[in-house]
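Please model the complete structure; the sequences and the hints are all you need to start from.
Protein chains: 2
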Amino acid sequence: MKRARARHKPCALKELEVSVSELGLGYESDEIVLFRYCSGTCETAVRNYDLSLKNMRLKKKIRKEKVRARPCCRPLAYDDDVSFLDTYNRYYTVNELSAKECGCV
Amino acid sequence: MKRARARHKPCALKELEVSVSELGLGYESDEIVLFRYCSGTCETAVRNYDLSLKNMRLKKKIRKEKVRARPCCRPLAYDDDVSFLDTYNRYYTVNELSAKECGCV
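If you're matching them up, the sequences are chains A and B in order.
Going by my numbering, the first residue of the first sequence is number 1244, and it counts up by one from there.
Going by my numbering, the first residue of the second sequence is number 1244, and it counts up by one from there.
Same chains, same label: a pair holds when it works inside one copy or across any pair of copies.
Keeping only pairs whose Cα atoms sit at most 27 Å apart, straight-line, the calculated DSS-like set for lysine-lysine is:
no., residue 1, residue 2
1, K1297, K1252
2, K1343, K1302
3, K1297, K1309
4, K1252, K1343
5, K1307, K1257
6, K1307, K1252
7, K1303, K1252
8, K1343, K1257
9, K1343, K1304
10, K1297, K1343
11, K1257, K1309
12, K1303, K1343
13, K1343, K1307
14, K1257, K1303
15, K1304, K1257
16, K1252, K1304
The hints are simulated quantities; they were obtained by calculation from the structure and are not laboratory data.
Encoded structure:
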């Protein structure tokens, strides 16, 4: 008997509270930030572009090229810069950390 | 001796002249269209978002979720609708077929 496949949800914005240290960007700080990210699939967002690109590939009209013939669930915009103090009391600002809006691009 | 790896070029707009039939969308027509697409890699476009998302994955803070922690080279905009006559003289219009602008989203 085959197990049911995990049902993938459509592309949407999700959030997670994490410490700055946990972000893994190299900063040591216990300050908590709201990390928002894009999660889900884009099956319903396939365009004529994607279908045609897939065919150009199959027909070897496009070869040895890095092309993506499927929409990506990605941020359409990013939140404002995030500022924090690290454990040595140094002040940092990081940009494009958290998503503001997601879409199937 | 190892063979050199293909050097991937940065994300850019490319073009190809193809017949409507070749697009593989199910239409039979010898009319030629200019199919423009996005090709290349986005290594230089990695954001704090991507690095953090990758870490959240490694730390199992995000599990069983479909997330993409790398920028995609995709159309930022599509060309105008394309119209053509098929071999039976029927008129069709297809949208979002060809890219107008590419970017690392």
